[in-house]
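Since the structure of chain A is already known, use the hints to place chain B on it.
There are 2 protein chains.
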Amino acid sequence: MPASSPASDKYTQSQPLWARIALALRGRVLAGEWKAGEAIPAESALSEFYGVALGTMRGAIQSLVEDGLLERIHGRGTFVRGGLTGATMLRFFRFGSAEGDVPASRIKSVKAVKAPALAARELLLAADEQAICIERQRCWGGKVQLLETLWVPHGPFKALLDLDKKDFSPLMYPMYAERLGITVNRAVDELSFDRLSAAQARTLDLPVGHPALRVERVAFDLAGRRIEFRVTVGNADHFRYRAEIR
Amino acid sequence: MPASSPASDKYTQSQPLWARIALALRGRVLAGEWKAGEAIPAESALSEFYGVALGTMRGAIQSLVEDGLLERIHGRGTFVRGGLTGATMLRFFRFGSAEGDVPASRIKSVKAVKAPALAARELLLAADEQAICIERQRCWGGKVQLLETLWVPHGPFKALLDLDKKDFSPLMYPMYAERLGITVNRAVDELSFDRLSAAQARTLDLPVGHPALRVERVAFDLAGRRIEFRVTVGNADHFRYRAEIR
Numbered sequence: 001m002p003a004s005s006p007a008s009d010k011y012t013q014s015q016p017l018w019a020r021i022a023l024a025l026r027g028r029v030l031a032g033e034w035k036a037g038e039a040i041p042a043e044s045a046l047s048e049f050y051g052v053a054l055g056t057m058r059g060a061i062q063s064l065v066e067d068g069l070l071e072r073i074h075g076r077g078t079f080v081r082g083g084l085t086g087a088t089m090l091r092f093f094r095f096g097s098a099e100g101d102v103p104a105s106r107i108k109s110v111k112a113v114k115a116p117a118l119a120a121r122e123l124l125l126a127a128d129e130q131a132i133c134i135e136r137q138r139c140w141g142g143k144v145q146l147l148e149t150l151w152v153p154h155g156p157f158k159a160l161l162d163l164d165k166k167d168f169s170p171l172m173y174p175m176y177a178e179r180l181g182i183t184v185n186r187a188v189d190e191l192s193f194d195r196l197s198a199a200q201a202r203t204l205d206l207p208v209g210h211p212a213l214r215v216e217r218v219a220f221d222l223a224g225r226r227i228e229f230r231v232t233v234g235n236a237d238h239f240r241y242r243a244e245i246r
Numbered sequence: 001m002p003a004s005s006p007a008s009d010k011y012t013q014s015q016p017l018w019a020r021i022a023l024a025l026r027g028r029v030l031a032g033e034w035k036a037g038e039a040i041p042a043e044s045a046l047s048e049f050y051g052v053a054l055g056t057m058r059g060a061i062q063s064l065v066e067d068g069l070l071e072r073i074h075g076r077g078t079f080v081r082g083g084l085t086g087a088t089m090l091r092f093f094r095f096g097s098a099e100g101d102v103p104a105s106r107i108k109s110v111k112a113v114k115a116p117a118l119a120a121r122e123l124l125l126a127a128d129e130q131a132i133c134i135e136r137q138r139c140w141g142g143k144v145q146l147l148e149t150l151w152v153p154h155g156p157f158k159a160l161l162d163l164d165k166k167d168f169s170p171l172m173y174p175m176y177a178e179r180l181g182i183t184v185n186r187a188v189d190e191l192s193f194d195r196l197s198a199a200q201a202r203t204l205d206l207p208v209g210h211p212a213l214r215v216e217r218v219a220f221d222l223a224g225r226r227i228e229f230r231v232t233v234g235n236a237d238h239f240r241y242r243a244e245i246r
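Those sequence lines, one after another, are chains A and B. Heads up: the first sequence begins at 1 in UniProt numbering, then just goes up one per residue. Heads up: the second sequence begins at 1 in UniProt numbering, then just goes up one per residue.
Don't take each hint at face value.
One copy or two, it doesn't matter: identical chains are merged, so the pair holds either way.
Subject to a maximum C-alpha distance of 25 Å in a straight line, what follows is the list of computed SDA-like cross-link-like pairs (lysine to any residue) [what the hints assert, rightly or not]:
1) Lys114 <-> Glu190
2) Lys111 <-> Arg121
3) Lys143 <-> Ser192
4) Lys143 <-> Phe193
5) Lys35 <-> Ile245
Hints in this document: simulated from the structure, not taken from any laboratory.
Chain A extracted, bound-state conformation (with noise of 0.2 Å):
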């Protein structure tokens, strides 16, 4: 298994009475007491148990929102967050025609194989580590329009060695959700700029050497850790991205 993140090393650091709190509460998330999607008991519920004052269970709590692991729902209470539901990498492109048409996604290949050292060092793998890799393509409008390879750590991940192609779900964290109780949490995506090697060129019906955006995505869990590296390559063409700074 990767290694822990310094998200859950900050709390193990950290000295408040708020943080100490927090720490208790991430434990009960991760323990599956309370589970995604499902709601905390109240502020003056848990203060109580825990023998502190509203305030310090309320930043306790509030660090816990800010860290993405648990949210509030204006007049409803605060919930253990649902999980990504993987169906972002729209916000970098747009398949002109394909909008109305329901996305699919064809799974080529499901490995055990040595990760690569990209992979390795993005999933904080031992040198000698296993990991499962998924090759896919992804349509939009009946044509294959992204190209992904994904890399999981094998241990927690080897029951998809087993699971038939035509199984896998077009969305990769709900079924890693349902399947192996893994939820993903939040991802970085980094950007850059490629041009198409003739196997992806043939694939994707452009010329070799054609410009592509390629996005390199870590996912991470509730616990912080690192549980799936992937690549996803497309025509640059359809790249669209609107930012926001203030």
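Structure of chain B alone, referenced to chain A:
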């Protein structure tokens, strides 16, 4: 001048007391009573002045914080946001060897023009309205790396026509604040890929048709008015961007 944005209309149509108070506070910022970078009075003093509960005043202030007009600085108070510096295009590009270098700006031309359709639309200018067009090059490591074309509405910016090119600051937004009293409060970037034209390729010392990143940016002032539209073009091979989802 551009029409007022939905951001300000939102306040005039709002019913709750906190929203009407927020509108009054916003008016004091826009009138220049409280200036960019300065603290506003304490919440208790303001709630007394307007004769409303402290909670109502907090709600009004919070809405202006979320709008980006005010910011809370922990332990120090609430301040009028200082405005963007404009050094933000480096979020999208990495210029390897030039990392330590101070970026330079070369103004090539400053002209009163009829805004082209795209700029007129983005600045919400009338069909016959004049604009000022500024062409500049941005350099890192002694090399021209980015080509920029900026449009601003003629009225509030006409003083720029009399300014010597050498007296333009390398960062436009602080110059707008100092010389024109216009604070850039937020900006929206639209990213896409393009190919270099012959003229662009010559200036950037790259082949014609070379892949380029194109950034179209609209900048907004404190009142939410569109006060600048700019198109920035650079070598796509230097494009790097990091986005987080949660």
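Item to check | Numbers of unmet hints, in rising order | outcome: none
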